[in-house]
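All chains, full assembly: derive it from the sequences and hints.
Residue strings, one per chain:
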Amino acid sequence: AQSVAQPEDQVNVAEGNPLTVKCTYSVSGNPYLFWYVQYPNRGLQFLLKYITGDNLVKGSYGFEAEFNKSQTSFHLKKPSALVSDSALYFCAVRDSVNSGAGSYQLTFGKGTKLSVIP
Amino acid sequence: NAGVTQTPKFQVLKTGQSMTLQCAQDMNHEYMSWYRQDPGMGLRLIHYSVGAGITDQGEVPNGYNVSRSTTEDFPLRLLSAAPSQTSVYFCASKGGGSGNQPQHFGDGTRLSIL
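Protein chains in written order, with the numbering used here: chain A, 1 to 118; chain B, 1 to 114.
All the pointers check out, no bait thrown in.
Simulated crosslink set (DSBU-like; lysine-lysine; CA at most 30 Å straight-line):
id : chain 1 : residue 1 : chain 2 : residue 2
1  : A       : K113      : A       : K69
2  : A       : K113      : A       : K22
3  : A       : K110      : B       : K9
4  : A       : K49       : A       : K77
5  : A       : K77       : A       : K22
6  : A       : K49       : B       : K9
7  : A       : K49       : A       : K113
8  : B       : K9        : A       : K113
9  : A       : K58       : A       : K77
10 : A       : K22       : A       : K110
11 : A       : K110      : B       : K14
The set of hints was computed from the structure by calculation and includes no laboratory data.
Here you go:
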């Protein structure tokens, strides 16, 4: 079974400071990991993904994420936060051992609300 | 390119009523899915489809039906609405091939059951 945890319900950071939103996962095989962002009254938007290769993945809007296999983590980072980054962030995972129709299924974390303070 | 379109955006129902939430995508994606989003619970998968004529249950399928007669459309039916189904519903689609493509989400349907 695949699962994902976002240990922080809310993260507050001052504008201009670096931000980190944490994510840990559990899978049987290799993980395929995704980050999505949700702005108020909108659907989820894809930010970045890790499938294989370089552990540091760069995505949209200046975000990046670091895959750490030993710690089973995939933390989202940005060097300098903007007020416009304030949103709800979701981590999601898919297990490489899933097969058939189940291979498409993502498991989402409960979300972390990021507030960037001016 | 409209992406994933959901209608209606808002709906209020009375307990016991039925309704259909519409979802359409114009990206020729094989995979479509329905999620519900509740505070503190993230997104939970209701039903999904890997192509026209093929549907399967997700994590929380009870009280919901789906069908997939075309590639473009994937409606979600509430058979007899209950207050526990008050939620925000999202439809998503994904291209086929590998399971590594990101999902594209609609803007949601906000449903209240009185």
